[in-house]
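Chemist: The chain contents come next:
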Amino acid sequence: MTSQVDLREAADETVIAISGELDAAASAGLRDRLIPLIPGSSMIRLDLAGLTYISSAGLRTLLLVYRHAQAEGSAIRLVGIRDEVRFVMSATGFLALFGIEEIR
Amino acid sequence: MTDAITCPRSDTVAGYVAEGRGLQDGRFTITTSAGCDIDMELAENVGAEVLRNLDEPYLDASDHIAEMLQPGRFAFFYGIFYPGAPFEVKRIIFVGRQIGAYRFEEPNWWIDQIESIARFYSRAQFGDGPVDFRNYRTQIRLGGDKNGSHVQETDTISRLVYGMASAFMLTGNDHYLDIAEAGTEYLREHMRFTDYDEDVVYWYHGILVDGQDERKLFTSEFGDDYDAVPMYEQIYALAGPTQTYRVTADPRIKRDVDATLRLMDRFYLDRAKGGYFSHIDPIFLDPRQKSLGPNTARKNWNSVGDHAPAYLINLYLATAAEQHARMLGSTFDTILDWFRDYKNSPFVQERFHEDWSHDSTYQWQQGRAVVGHNLKIAWNLMRIHSLLPKQEYLEAASSIGDIMPPVGADQLRGGWYDVVERVTRDGEGFHRFAWHDRKAWWQQEQAILAYLILHGVTGNPEFLRQAREAQSFYNAFFLDHDEGAVYFNVLADGFPYLLGTERLKGSHSMSMYHSAELCYLAAIYTNLLIERRPMNFWFKPQPDGLVNNTLRVAPDLLPPGSVRITEVEIDGALHDGYDASALTVHVPTTAHRPLVRVQLSPAES
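From first to last, the protein sequence lines stand for chains A and B. Using the numbering used here, the first residue of the first sequence is number 1, and each one after it goes up by one. Using the numbering used here, the first residue of the second sequence is number 1001, and each one after it goes up by one.
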């Protein structure tokens, strides 16, 4: 199963939804698709509600997104993280890089 | 240009009382290491002491100066240069009670010293309570207190673990092994990143702790290596666990080390042009990423030369695995192929582009030499020569041993300098200091170990002289008899330098690694190779960790056949299941972890 990226833009934010499995194979291609979607000086929400698995390569991809957003002066939030993904991100310390929003 | 300093100035002079010019009417002459004669005069209020170890009382020798200042005696003389007059001696440090006797050559000198240092760091980090690495802090003040910093660096924990494991090997004191194992476990739990996609392990730079909360620091936080994964951090993350593995045979440590070696092999190794890259970026694990800035596609001393001393020799000693022997040979072949630059400098080049062209533009490094790295090459060449005999290794090490003293040592005061310019200025006969003429504890270690093993293997008496002079300076000036452990830096004249981070006993740079490594290996080289005396070593292996129940007990890479096992005890009972010349012990399978004491002795020559 591969991952999928959907983009939604609103007046004051960009929402990038990543769904599926972010494994090593998916991560390589995802990087090239994600980076151009990151605007400057904006709020970016990564909607992970549909993300069912994240690998080490996937974590590094998120790190890339984080670094790129920082460079663009954008803030970044994670939304709707599933428990299994949250566990992996927390255990590896990657979760601490991001602000987290819960789905209400 | 004036070359006359006409005002009195204080200084320290090291040398030997000259033949035929011993003490008479308060005057005598000494000859320095470089062969210069300096006339001396004792001040009326001169004091004297004999070298003492940590935790030993002051040994006053003021009433014995006359009988001790005899020709051939080596000592340190602190006093005042008055223009046109003999050097007025205010204080003398004798390095032994008799002429030709050096206190640090006593059988237990270095063993006592590592135990004192281990007690200091144990108390500093854990006080009188249980060993809990949640309380570990990288920064330790001069007296052992912690400051407010909440950073736990992976490398400094690993270095402390190394020191404690080494202290256990020399003393059998379970408390030190407890710290080593707890630290190894803590590194595994908190500092290790297991990348299942790539089937490798890498180690976080560290963690920021605040109570029960921690934030992992994935990439280096330091200017030199900011936002990169430097090779040297991965190397030193292995130092402590590997030394612990020699003692415990814990298979989990072996798995972590092997997985880290796969990281190095897959992402840092340059298969095309040889050597290891110095940095990879944290996202693509690629050494050629432009985001690495001045570290893009670079190789340096650390990424090539530090494997051997930090973990790889110890890993080989524990396993006798052929691939580790090959890596030892290839890293030092790389050094001999690319690092020497004798047509331009007596010092090696330390930083390179991918194609081995020199990079002399980097930040602090520029065209500079770290004196201790040259000595480290000599020291480790001699170790590897014992495993993989090669005339080139012996010649290269001996050559470094010959050329270093006039360019890297302080031949007036003793001790070894820090960072100097690789190339002298036109008309100048010395290599200018990059920043200062202070002397660092770890650089003295490199000189001591290099010259000890050079003499121990070759028998060259000049190397023994250099080893003794280096040990004399270190033991005279670096031991902190007031607060414990050793000083980071001393001024050129030997007085402690206690400003900034160099005041600390625990920091990014210092954490019971070099001071313990020095004690451990100086004891081995002095006792087993030079003075030819037996030594005891302790191990406590896990029964399920030994391959074929075989515990390998070689203390270091020494000349084949130079030492033998002469006694083994397991849990206090004599045990005869060992191969004396192969340096292996057969450890019977037990339900518990046995305490194994091994006596090693020099072989009959």
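Simulated from the structure, these hints should not be mistaken for lab results. Every residue, glycine too, gets a C-beta built ideally from N, C-alpha and C. Check each hint, because a few of them may be wrong.
Pulled a few chain B residues facing chain A out of the computed Cβ check, cut under 10 Å [to be verified]:
#1 C1036
#2 I1038
#3 T1194
Label-pair distances were calculated between CB atoms; the ranges are [to be verified]:
#4 L37(A) / K1290(B): 56 to 66 Å
#5 L37(A) / Y1362(B): 49 to 59 Å
#6 G73(A) / R1134(B): 49 to 59 Å
#7 R82(A) / P1543(B): 38 to 48 Å
#8 D1544(B) / R86(A): 28 to 38 Å
#9 Y1362(B) / D32(A): 45 to 55 Å
#10 D32(A) / G1274(B): 31 to 41 Å
#11 R1503(B) / G73(A): 50 to 60 Å
#12 L1208(B) / M43(A): 24 to 34 Å
#13 T1361(B) / R82(A): 42 to 52 Å
In silico lysine to aspartate or glutamate, EDC-like type, Cα no more than 20 Å apart, as pairs [to be verified]:
#14 K1090(B) / E1569(B)
#15 K1290(B) / D32(A)
#16 K1290(B) / D83(A)
#17 K1273(B) / D1286(B)
#18 K1540(B) / E1569(B)
Chemist: Confirm or reject each hint.
Modeler: Cross-check of the supplied hints:
{"no.": "1", "hint": "C1036", "verdict": "violated, 58 Å"}
{"no.": "2", "hint": "I1038", "verdict": "violated, 59 Å"}
{"no.": "3", "hint": "T1194", "verdict": "holds, 8 Å"}
{"no.": "4", "hint": "L37(A) / K1290(B): 56 to 66 Å", "verdict": "violated, 21 Å"}
{"no.": "5", "hint": "L37(A) / Y1362(B): 49 to 59 Å", "verdict": "violated, 36 Å"}
{"no.": "6", "hint": "G73(A) / R1134(B): 49 to 59 Å", "verdict": "violated, 36 Å"}
{"no.": "7", "hint": "R82(A) / P1543(B): 38 to 48 Å", "verdict": "holds, 42 Å"}
{"no.": "8", "hint": "D1544(B) / R86(A): 28 to 38 Å", "verdict": "holds, 35 Å"}
{"no.": "9", "hint": "Y1362(B) / D32(A): 45 to 55 Å", "verdict": "violated, 32 Å"}
{"no.": "10", "hint": "D32(A) / G1274(B): 31 to 41 Å", "verdict": "holds, 32 Å"}
{"no.": "11", "hint": "R1503(B) / G73(A): 50 to 60 Å", "verdict": "violated, 39 Å"}
{"no.": "12", "hint": "L1208(B) / M43(A): 24 to 34 Å", "verdict": "holds, 26 Å"}
{"no.": "13", "hint": "T1361(B) / R82(A): 42 to 52 Å", "verdict": "holds, 48 Å"}
{"no.": "14", "hint": "K1090(B) / E1569(B)", "verdict": "violated, 51 Å"}
{"no.": "15", "hint": "K1290(B) / D32(A)", "verdict": "holds, 16 Å"}
{"no.": "16", "hint": "K1290(B) / D83(A)", "verdict": "violated, 35 Å"}
{"no.": "17", "hint": "K1273(B) / D1286(B)", "verdict": "holds, 16 Å"}
{"no.": "18", "hint": "K1540(B) / E1569(B)", "verdict": "holds, 12 Å"}
Checked against the numbered hints above, the structure violates hints 1, 2, 4, 5, 6, 9, 11, 14 and 16; every other hint is satisfied.
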